[in-house]
Structures are given as C-alpha cells and as structure tokens.
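One line per chain: the protein sequences are L and D, in this order.
If you read the first sequence in this note's numbering, its first letter stands for residue 1, the second for the next number, and so on.
If you read the second sequence in this note's numbering, its first letter stands for residue 1, the second for the next number, and so on.
It is possible that part of the hints are untrue.
Pair ranges (Cβ atoms, derived) [said to hold, decoys possible]: (1) D:Asn79 <-> L:His46: 55 to 61 Å; (2) D:Pro13 <-> L:Arg47: 54 to 60 Å; (3) L:Thr19 <-> D:Val72: 46 to 52 Å.
Keeping only pairs whose Cα atoms sit at most 25 Å apart, straight-line, the calculated DMTMM-like set for lysine to aspartate or glutamate is [stated by the list, open to error]: (4) L:Lys40 <-> D:Asp375; (5) L:Lys40 <-> D:Asp279; (6) D:Lys263 <-> D:Glu189; (7) D:Lys263 <-> D:Glu187; (8) D:Lys367 <-> D:Asp279; (9) D:Lys263 <-> D:Glu359.
Hint data in this document are derived by calculation from the structure and do not stem from the laboratory.
Remember, predicted model here, so these are calculated numbers, not experimental data.
Just so you know, even glycine gets a beta-carbon here, dropped at the ideal spot from N, CA and C.
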Amino acid sequence: MTNDQSIEAQMPPPIPDITIDERGSRCPVPVIALGRVLRKLAHEDHRSVVMELLADDPATRSDVPAWCRMQQANLIAVQELPDGTGWRFTVIVSPR
Amino acid sequence: MSRCYFDALSGQPLADQALAAVSGFIFQAWADPEQPHHEGAQASQILEAARQTVAVRLGVSSRAVSFHPSNVVAELAVNGILRSVQGGSHPNRNSVLTSRVERDDILRATSAFGTPIRVGVDSNARVNVSQLRDAIDDSALPLALVALQAANAEVGTIQPLAEVLRYTAAVNLPLLVDATGALGLIEIEGGWSALIADAATWAGPRGVSVLVINPSFRWQQDPRERGVTALVRDTVDVLNSTAAAAALDSTMARQPALSDSLKRFTTQIRQFVGDQIADIDVLGDPDNRLPHVVTFSVLYADGERLARELDAVGVAIGSGSACAARAGLPSHVLVEMGALTHGNVRLSLPVNVTQSQVEYLMSVLPKAINQVRADAGV
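Sequences are here, hints too, so could you generate the full structure?
Dropping the structure here:
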C-alpha cells in the first residue's frame, strides 16, 4: 500500500503552458530562452504561466534556480528526464 | 587611454622592488644553491636572504619558509602535514576536513587520502562554521588536518579563520591555511600549522608560491630531504624566490594604505554595478571581503564574450565562466553558493591600479554588457 507521502512525492508537475527544449545548448542560451518568454509575458495581461525547460548543460542545474531567484519566478520541480538526455525544470511565472 | 588591467589574481606586473631584486641578482643567483662550490654558496646566500625576508614578515624562522611552483605547493603542504601527524602519535588518522569552495589544487591534494570531509558554504561562500566545528569535535572521525582558505579568491569573501583556529587548537588538530589571494592584502590570523600562498597575489612572479611552517607545529622532514637546511627543499629557482620575497616585502610595506585604497575602488565598483546594471548578481560578502576583488554574474550574458568585448576597448577582466567553459563544468564555488554561474566577471585589482583606470572601467562596462545582451537577443 502506498502511503500519502510517497504519492505526494510522485505527483507530476502541472501540465506546462509553454515548453522550451534547449537540449544541446550551452549556458547562457537556455536561460536566455526563459528570459525571452518572460519579456514577452511582461507585455501581456496573463494569469500564472507554467513553463517547462528541457536542458542538458550541467550549468543549468545552478543557473535556472538562480534565474528564478533573480526574476521572482517559482521553480517547482527539477526532474531527470527518463531517457537520460538531461533535466526538466518546471517554473511558474505569476503576473506582476 | 592605455590598457586597464583587472585580472591581478591570475598574474600582475612585478612590484618595482621585485624587479630590482631580479635585475640585481640575475648574474649571481643562477647556480644550484645546494652545491658546495663558490657559485652554489652565492646562490644559497641569496636564497637564504629571500627566506629571511618572508620569515620576518610572517614572524617565523627562515628555516620554516620555502618556495615552490604553485601547482605542487598544496600537495607538498598536505602530504607533509599528514606525514607528520601519522609519523607522530596518530598513525591511523588519514582524513582531511575542508570547505567545498577551496581551490582545485587543495581539493585534489586532500582527496588523495582517506575520506575527505567537505563542509558547505552560505550564499556568500562563507564556510558553515557550526558544521565545521561539529566535524572538528567529532572524535569518531579520523581527522589528520583541516585545510581552509583565508579568503575565497573567486568572490572575495574572507573566511572566519580566527574562530576556526580556536576550534582546531582546542583539540590539537593541525590547520593548513591557503592564503592565496589574501596574503599581503589582509591580516592573516596567526596560529595555523602551515600556510601556502601564491606570489601573484602580492605582485610577485606568476606560478611561484611560498610554504610557511609554524614553529609550534612538529613538521617531520621528508626523509629524502635530510641534510637540507630548510624544513622543506625549495623547488623553484633562486631568482623567482627572490622576486617573490621582495614583492611581498614591498606590498606589505605599503599597508594598510594600499588595501584601504583598493577597498575604496572595489566598493565604488560594487555600488556602481549594483545600481546601474539590471539583472546582475553581485557576489561575495559586501563588507568582509578581500580589498581588491569584485565579482558579479551578468544574467543573459556569455562571460567569455563579455571578456572579449571589454578587451577590445582596453579592459582586461577575469571570467569565471571562461574557465568553466574550458572544463565543461560551471565553477564549483558559484555552484556551492547557489549563484548564477554564467556571465561571471571577476575583477581583481593590481597593486598599482589608479582611480582613472577604475573610472574608465565603469564608463565602458554598461555598454559592453548591453551589447552582449543585445547580440543574444534579450
């Protein structure tokens, strides 16, 4: 029987509104891609947006959390991709 | 405007006094100082004077000072302390306690033995002292020594050495201090067992380091070096040792005025980038830091591109991410701090920097950053 806690831990992150695949790009390119979306959203009247970034540069493991801290975005999950090709970062950007 | 050089920690012009020493001794200090002939004795005398200069500055005897290539000094120091501890009353102690933000040379030298224990840091790269203390006090750990930097040369933060020294002294555990980036520029707390530092820090020659052993530490000489006058055999040439010693002497003679003026410059730069440049992560402790280092990460900028852009307008900077790009990995210091690892700029001011050079840097920096960001499409 699975207990509540492990269900919680295995809960998938919300369905993304936007997916950015930057596997194969070196930093800062994956973070620039996040930045571009953020700039675009700044001009729109939007609800909270769920962004998903796929990346394989090890520097993104540090730089995506640092980007979220600097841009007041919310990093809700970092998962290793099942096929071993990198990581999936799930980020929520709330309206300012 | 002539060139403005802000990468002193990777090498800077020799201090005048070092230049004078080199040109004065170039025809006398070329022989092997260990040979008993006249020429050897002459070189040996000059080397002894260099040791003496450093010894006086650090309050030790000249036997305790030796000069080495920078890429081997960490290993020499760590191995020597371990040999002394194990040859003394603790043959089974084989682990080294360090922080996770030590230089690569220290991390490598300390991984060669037992299970290295590494303590994390806060967002300024200051070592977690309570974790360090817990490990020092844990008698179940087979600790042979603690190795800690005086300051983190990548971001400037000064480590709480005095506090750590109290804990190591209480349990009689040797402490190796890595004063690279710090010696000559900040006061280093006494009481360590051994200290190493790179001469580029104080405007000495590049690639030369000193190893200093505290008289109170029972250093056991390497059996292969019996008969050598100093505790450790010097492994760089006499001329470079002389230049390193003369530069340390002249830099320390300029204190505290030199560090006061360097700190005014770096404070100015830190404030400027923090106020004038958007989306920037200014790193390291804002106050308790090396006087000559300013480090920041520029969001959306490629560090190497930014370094090239500035170089083209006459400004030389150090880029942490440039090293990282070569190794294919981000800087371990920035990762441990949770800092942005790309777009990293480390400015390290040489001892002869001027106000107008600092002003020129600030006048070209925003444009260079805007250019690199615009090219990236942000």
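Do the hints match the structure? See the list:
no., hint, in the structure
1, D:Asn79 <-> L:His46: 55 to 61 Å, "holds (60 Å)"
2, D:Pro13 <-> L:Arg47: 54 to 60 Å, "holds (58 Å)"
3, L:Thr19 <-> D:Val72: 46 to 52 Å, "holds (50 Å)"
4, L:Lys40 <-> D:Asp375, "holds (17 Å)"
5, L:Lys40 <-> D:Asp279, "holds (17 Å)"
6, D:Lys263 <-> D:Glu189, "holds (20 Å)"
7, D:Lys263 <-> D:Glu187, "holds (14 Å)"
8, D:Lys367 <-> D:Asp279, "holds (14 Å)"
9, D:Lys263 <-> D:Glu359, "holds (15 Å)"
In this structure, every one of the numbered hints holds.
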